[in-house]
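Here are the chains, one letter per residue:
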Amino acid sequence: MNLSLEDLKDAMIYFSPIQCLGLTENCIVALEEIPYQTGCELEVSGLHTGKITLDWHTVVNKNGYKEKKKYTEKGAEALSFFLAMNYTEYDIVEESIISTGVDYWLGYGENHEKYDPLNFIKARLEISGILRETPTNSFKKRIEEKKKQTEASDNTGLPAYVSIIEFSNLKGHISKK
Amino acid sequence: MNIQELHREAVNLAKEAQLEFDNENIIEYQTLIFQAYRLEKKAAEFLKTSFESEPTRSILYRSAATLAFKCENYTDSIDLITQALSGNPFEEIKTELLELLKTVVGIRTNPIKSNDYLNLLNKRAVPVKLEEKTGKYAGAFVIPHVVEFLKNLNQSYQSYAEALFIKEIDKDSVPDFEHSLNDFKNKSNLLGSYTIFSSFGINISAENSLMDHFNVYSKEFKEMKGNLFNEFKEDVLYSNYEDPAFHKRISSKFNDEERRKIFNPILNSIAKSKEYKISITDYEFKEKIKEFKAPNNTIKQALAPLEKKTDQHLTDVQTNLTRKIEQTTGNKRKTILAENINYYEQNLTLTGLEFEKKNIYFNDPHVILLIFENNYYRIEDDDYKIAISNKDFDGILELYNKSFIMKLISMLENKSNLSEEETELLLQYQNTTIRDW
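Same order as they appear, the protein sequences are chains F and B. Read the first sequence against the numbering used here and you will find it ends at 416, with the numbers running on by one and no gaps. Read the second sequence against the numbering used here and you will find it ends at 1248, with the numbers running on by one and no gaps.
Hints are not guaranteed to be accurate.
Under 7 Å between C-beta atoms, here's a sample of chain B residues computed to sit facing chain F [claimed, not checked]:
hint	residue
1	Ser861
2	Pro866
3	Ile870
Listed below are the simulated BS3-like cross-link pairs for lysine-lysine, each with C-alpha atoms no more than 25 Å apart in a straight line [claimed, not checked]:
hint	chain 1	residue 1	chain 2	residue 2
4	F	Lys301	B	Lys1044
5	B	Lys905	F	Lys416
6	F	Lys309	B	Lys934
7	B	Lys905	F	Lys415
8	F	Lys308	B	Lys905
9	B	Lys826	F	Lys305
10	F	Lys385	B	Lys905
Simulated from the structure, these hints should not be mistaken for laboratory data. The C-beta atom is built at its ideal place from N, Cα and C for all residues, glycine as well.
Work the whole structure out from these sequences, hints included.
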């Protein structure tokens, strides 16, 4: 499967193109920091197992991208949105305002048969990004933590998906919580 | 717009608001966040009775409640949380709603508020601490000392704003320069964004974008306004008053009169005679970053030099009047001339006084009315309760200097036996002057 990072703006129909471009640029900055080039492969696990080839052509002026934490987080959001739209039954990412930022939510598109205009938010999307994993902050450890949380919760809980992106070894994981 | 469209528009506005907040554009932030709140509230209220619409219903209510909180509309925020909880929110959302409720109720009932705007002010604030020099108050502070100090600090900031306005704003760019200048000066108030009350600590901040200057739109004004508090911090609060390089820099930036107006109030508050001391601290008011030391004559001369112009002015008046008075003792023609000046009055602006090597400096130039009548000079100074007369011009000024300083000394020596009126007068002397002995 091939994924063009610039296509995010077409996939995310309810996000402004500028916002999507921002996410795409952050993702490119995180990938090139490692450094990866267009054509690199994201190894996916969880709801789907396989490899996705990532392409981009935008040349990013990196002067405005100094905060590693920020571009890692935003870059992980870009890739997580792709994963959620491709590997869950939902294809819309909604947002809501919380005191410290925004929450991301999944739902059906307006043309979907299950779309409910009075209940368009269906599941939470939890995203975490790691630029370079360390023994204490590894991709595997994060997945295990999420699995433990999943085991603890019962079926009456809020539907939620977890997406974890690790840039240095270019791995992505998406699973239902 | 349907519910989803209202919600998305609200989210977009809230994100735009955040960008404005990050750029410290408070007016724009407040406007956008309020618009976002109204839309999100409308979206949530569409689902008021749609209890089966979970999680959408509770998420929209939670979002609207958060925005109401950001608008400092705490009652609405609590109402919206209550609405959300009256439905069937998922356990996770319910927990988050209760956490939000706890925060909102806490803020509403806590006299020390915390919101985005205050956080921004605190981010740029200077923590200033006032401590009594004597230990007799056991860590408490004397209210008049705090009042005096804050008044002096604000006065310094307003004078700084005035000086910067004159320096940086092109007269032709403003329709009514004098009016705009006064407007700007009067609205340039410092803000206290956080206080502690064991000793006295306050976060001093300023936010000039909140000031309304409808007739000034120029880029230079906006830039000046934006830099005002930072420059004030650097030049007045954090600068090293003992550093000759600072004296040189500040003298090249502000002329004598501007420096007098800016620094006199601060020098007043840190004078040796004051019963309190001032410092800039860390944000917990514990570690002192800068302690203001009592200024010596070199610092006073560099930061608030005495005005020399007044003396020259007085000499002119004296010569003029004396000559004419002498003429009254001569022939008839000269006597007629003398009759023309039987009554004369003149405002005199004083910046300092001296008597027997004791100096006193006014925080703001003090204006007194000198009256010449029936061959006598008279001064009636209601501010400092001094009424004197003398036949000689030099004599009246000398007498004024002497009366002022002796009166102050007398009040200080009899501090414990002063009447209420005299105590008030002593405060007037102390709050408006710096004494150098």
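Hint by hint, here is what the structure shows:
Annotation: serine 861 of chain B was flagged as interfacial toward chain F, and the flag holds, the nearest CB pair being 5 Å apart, inside 7 Å. Against a cut-off of 7 Å between C-beta atoms, the interface hint on proline 866 of chain B holds, since the closest Cβ of chain F lies about 6 Å away. Using the Cβ-Cβ criterion of 7 Å, the hint placing isoleucine 870 of chain B at the interface with chain F is satisfied: the shortest such distance is roughly 5 Å. A hinted pair counts as satisfied when its Cα atoms are at most 25 Å apart, and lysine 301 of chain F with lysine 1044 of chain B does not qualify at roughly 33 Å.
A threshold of 25 Å between alpha carbons decides the hint, and for lysine 905 of chain B with lysine 416 of chain F the separation of about 18 Å falls inside it, so the pair holds. About 21 Å separates the Cα atoms of lysine 309 of chain F and lysine 934 of chain B, which keeps this hinted pair within 25 Å; it holds. Straight-line distance between C-alpha atoms of lysine 905 of chain B and lysine 415 of chain F comes to about 21 Å, which keeps the hinted pair within the 25 Å bound. At roughly 30 Å between alpha-carbon atoms, lysine 308 of chain F and lysine 905 of chain B are farther apart than 25 Å, so this suggested pair is violated.
A C-alpha spacing of about 21 Å is found between lysine 826 of chain B and lysine 305 of chain F, which places the hinted pair at or below 25 Å, so the restraint holds. Of the supplied pair hints, the one linking lysine 385 of chain F and lysine 905 of chain B holds, its CA atoms being roughly 21 Å apart against a limit of 25 Å.
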